[in-house]
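Those protein sequences? They're chains A and B, same order as listed.
Heads up: the first sequence at position 222 corresponds to 221 in numbering that gives the first Met the number 0, and the numbers run straight through without jumps.
Heads up: the second sequence at position 138 corresponds to 137 in numbering that gives the first Met the number 0, and the numbers run straight through without jumps.
Honestly, I wouldn't trust all of these hints.
[Unchecked claim] Below, in silico cross-link-like pairs of lysine-lysine (BS3-like), each with a Cα-Cα straight-line distance of 30 Å or less:
id, chain 1, residue 1, chain 2, residue 2
1, B, Lys354, A, Lys119
2, B, Lys224, A, Lys119
3, B, Lys186, B, Lys47
4, B, Lys349, A, Lys122
5, B, Lys224, B, Lys150
[As the list claims (entries may be wrong)] Taking CB as the label site, the calculated pair distances span:
id, chain 1, residue 1, chain 2, residue 2, range
6, B, Ala351, A, Trp104, 27 to 37 Å
7, A, Arg227, B, Ala347, 17 to 27 Å
8, A, Trp25, B, Ala347, 21 to 31 Å
9, B, Gly337, A, Val144, 25 to 35 Å
Because the hints were derived from the structure by calculation, they are not lab data.
All C-beta atoms, glycine included, are put in the ideal place defined by N, C-alpha and C.
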Amino acid sequence: MAMHAPQQEMQSAVYVYEAPVRIWHWINALAIVVLCVTGYFIGSPPPSVGGEASDHYLFGTIRFAHFVAAYALIIGFLFRIYWAWAGNDHAREIFLPPLARGSFWREILHEIRWYAMIEKAPKRYAGHNPLAIISMHILFVWLAVFMIVTGLALYGEGTGPGSWQHRFFSDWVIPLFGQSQTVHTWHHLGLWVIVCFVIVHIYAAVREDIMSGQSIISSMFSGWRTFRVVKGERAEP
Amino acid sequence: MTVETFYQVMRRQGITRRSFTKFCSLTAAALGLSPAHAQQIATAMETKPRLPVLWLHGLECTCCSESFIRSAHPLAKDVILSMISLDYDDTIMAAAGHQAESIIDETIAKYNGNYILACEGNPPLNQEGMSCIIGGRPYLEQLRKAAANCKAIISWGSCASWGCVQAARPNPTQATPIHKVPGLAPKPIIKVPGCPPIAEVMTAVVAYIVTFERFPELDAQGRPKMFYSQRIHDKCYRRPHFDAGQFVEAFDDEGARRGYCLYKVGCKGPTTYNACSTVRWNGGLSFPIQAGHPCIGCSEDGFWDKGDFYNRLSRIHGFGIEATADEIGGTAALAVGGLAAVHAGISAVKRAREKTGADQ
Ligand code: HEM
Ligand code: HEM
Ligand code: SF4
Ligand code: SF4
Chain A
0 MAMHAPQQEM QSAVYVYEAP VRIWHWINAL AIVVLCVTGY FIGSPPPSVG GEASDHYLFG
60 TIRFAHFVAA YALIIGFLFR IYWAWAGNDH AREIFLPPLA RGSFWREILH EIRWYAMIEK
120 APKRYAGHNP LAIISMHILF VWLAVFMIVT GLALYGEGTG PGSWQHRFFS DWVIPLFGQS
180 QTVHTWHHLG LWVIVCFVIV HIYAAVREDI MSGQSIISSM FSGWRTFRVV KGERAEP
Chain B
0 MTVETFYQVM RRQGITRRSF TKFCSLTAAA LGLSPAHAQQ IATAMETKPR LPVLWLHGLE
60 CTCCSESFIR SAHPLAKDVI LSMISLDYDD TIMAAAGHQA ESIIDETIAK YNGNYILACE
120 GNPPLNQEGM SCIIGGRPYL EQLRKAAANC KAIISWGSCA SWGCVQAARP NPTQATPIHK
180 VPGLAPKPII KVPGCPPIAE VMTAVVAYIV TFERFPELDA QGRPKMFYSQ RIHDKCYRRP
240 HFDAGQFVEA FDDEGARRGY CLYKVGCKGP TTYNACSTVR WNGGLSFPIQ AGHPCIGCSE
300 DGFWDKGDFY NRLSRIHGFG IEATADEIGG TAALAVGGLA AVHAGISAVK RAREKTGADQ
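Just need the whole structure built from these sequences, with the hints factored in.
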C-alpha cells in the first residue's frame, strides 16, 4: 500500500522503525561486517607469524571473533523474529511478505521500472518498498537462516558430539551436504551473497535517500520517515 | 562338523597364549573399552565359533586388504586372519578360478544368514556392470547374491563407503558405493572409510563384531563412532601452530622446516573424520601430517572431486566453469559493485538533467 504524501504540506512524517529494530539493525550490520572479514580470513589466513607457537593466538583470535559475532547475529536474529511478532506492522514486513497478493508483485514491477529509470516517479511507502521487502526476505532473512544453520553445524564439529550444536545441527547438516568440506564451501559462498546484498542495500539506501523524496538513511537512526515532494510526481488522486 | 573357535585356530597356527591375551588387551584399548573388557574379548574368542566372512572385491586397488594384513601388533595379522574364516577373498585365498567361485555358493548354503559380507571396492552400474567382471559375470550379480543371504555388510574403505576415485567426475562406469546399489538386500551396513582404512581400525571393528555379535555404535553416516567421531584436526599435534597463525606457505619454506600447520597448503584435517592423528599408521610410527604432508581427506565422501589437494578452498564445478568460492563470489561482488556504480552514474546524470529542466 503506497503512502502518499499529503498535498498541502511539503513535509510529513511517519514513525516506522521502532527503537529495537534500529538498535538491532546496527548491531546486526556490525556483526555481519565482522563475520565477513573474519570468515574470509578463516578461508585464506593472513601471513604466518614467527616465533614460538605459545607466543601467539592470532588465528585462534580471528576464529574467536567470528564466533562472538556469530552469536551476536544469532541472538539478534532470534530477537528480531520475536519483534516481528511483538512490534508494529513494519516490523513484520521482511518476514512475511504478501507473496499471494497480485498487487504486491505489480508494485515490485513498478519499483524495478523506477530503478531502470523507466518510471518517472517512485511510489512512496512508509516501510520498505516492495522490491526491498522481497530482496530482504530472500537475501537477508533466508540467507541469515542458511548461514546460521551451516555455521552452527561447523561450530558443532569443534564442540563435538554431545554438544547441542552437534546434536541439532552437525548431525544432520553435514550428512545432508555429504561432508564437512562441502558445508565449508557453501558457507563460504554465503559470504559473497551477503557481500552482494550489502553493496546493493547500501547503494539503494543512499540513492533512495537522494532521489525518492523520502528520508531513508536517517530513518534507520531516528525511526521517522519524512516525505518531501519531488519533481515529476503525479498529482495525487 | 563342529566349527573351530577362534582360539583353537590361533593355537593351531602357533600363537602363544601370551600373545593372545596381549592382543585382547590391545584390541580392548583400541576400541576404547575398559581393561575388564579384554577378558570379555578373550572369552568370546575362546568360546565362539569363527565368524565366516565373504570378502568380495569390486572396483578397487586392494589397498584395504594390504592395510588389513599389516596390523601393528606383530602377531595381530595372524590373530586376525585366523579370527575370521575368510572363506572367500580372491586376493589372499589359495583357490582360483571356478573352484574359488564355487566357494561363494558353498558359504551361502552353509552359513545362510550368518556370514558377514565384507565389501572392498564397489560395483559399476553402467553398461550392465561390464566394467567389473568376475568369473565371467558382472561383479554386481555376485554382490547382490552375497548380500541377499548375509547377516551384515562391512563397507571397507572409501570405495565401498563413498565411491572413491573410480566414482570421480564424470564417473563413466557409474561406480556406486555399496549402500546406494539398487536392488541390494536391506542389510545393516557399517562403513569403515579411508583410502585405505587404518589397519588397527579394521581389526578392531572385526574384533568388536566377533566379541559382541553386533556392530559398534555408529554415527549418522554409519561409521563406528569410536574411530570416526573426531576430525584429524581435533587431535593433530600441529594444532598449536594453527591457533597461533603459523602456517607452512610453501613446502620448502622455513615454516615447513619448523613443522608449522599445513592448513594453507591444503590440509583437509579440519574437515576429515578419521583416527590418523591418534592411532597413526604403520604401527603407530607416523601419519601423513607428521611426515609434512597435508591430509587429503581420504576418508570423506567426495574427497576426490574437491579440486586441488594443495588448496584449502574447494573447487566448485558447474556452468562449465571450475572455481573456488572466492573466485566466484569475488567476481559476482565486482559485477554487482560495477553495476551499482554505473547505475549511480546514470542516476546522477538524470538528476542533473531534471534539475536544469526545473531551472528553465
Ligand atoms: C552489513 C550490513 C547490513 C545489513 C546486513 C543490513 C540489513 C538490513 C535489513 C535486514 C534491513 C531491514 C530492517 C527491517 O525491516 O527490519 C535493513 C534496513 C535498512 N538499512 Fe541496512 N543493513 C546493513 C548495513 C546498512 C548500512 C551500512 C546502511 C547505511 C547506509 C544501512 C541502511 C539501512 C536503511 C536506511 C534501512 C531501511 C531501509 C528502508 O527504509 O527501506 N544498512 N538493513
Ligand atoms: C553472515 C554470516 C557469516 C559469514 C559471512 C560467515 C563467513 C564464513 C566464512 C567465509 C568461513 C570460512 C569458510 C571456509 O572454510 O572456507 C566461515 C567459517 C566458519 N563459520 Fe562463518 N560466517 C557467518 C556466520 C556464521 C555463524 C552464524 C556461525 C555460527 C556459529 C559461523 C560459524 C563458522 C564456523 C564454525 C566456521 C569454521 C571455522 C573453522 O574452520 O575454523 N559462521 N564463516
Ligand atoms: S596440519 Fe591440518 S590437521 Fe593439523 S592443525 Fe593444521 S590444519 Fe589441522
Ligand atoms: S591423514 Fe587424512 S588423507 Fe591421510 S590417511 Fe588420514 S584421513 Fe587419509
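| query | Straight-line Cα separation of Lys349/B and Lys122/A no greater than 30 Å? | reply | 18 Å, holds
| said: Within 17 to 27 Å: is that where the Cβ-Cβ distance between Arg227/A and Ala347/B falls? | reply: At roughly 19 Å between Cβ atoms, Ala347/B and Arg227/A fall inside 17 to 27 Å, so the hint holds.
| said: Checking one constraint from the list: CA of Lys224/B to CA of Lys119/A, max 30 Å. Satisfied? | reply: It is violated: about 65 Å lies between the C-alpha atoms, which goes past 30 Å.
| C-beta pair Gly337/B, Val144/A: status relative to the range 25 to 35 Å that was hinted | 29 Å, holds
| request: Using the Cβ atoms, figure out if Trp25/A sits within 21 to 31 Å of Ala347/B. | output: 28 Å, holds
| task | Take the C-beta atom of Ala351/B and the C-beta atom of Trp104/A, compute their distance, and say whether it sits inside 27 to 37 Å. | result | 33 Å, holds
| task | Below or equal to 30 Å on CA atoms is what counts here, so check Lys354/B against Lys119/A. | result | 14 Å, holds
| request: Decide if the proposed pair is consistent with the structure: Lys224/B and Lys150/B, CA atoms, cutoff 30 Å inclusive. | output: Holds, at roughly 21 Å.
| query | Under the criterion that the straight-line Cα-Cα distance not exceed 30 Å, is the pair Lys186/B, Lys47/B satisfied? | reply | 23 Å, holds
In this structure, only the earlier hint numbered 2 is contradicted, and the remaining ones agree with it.
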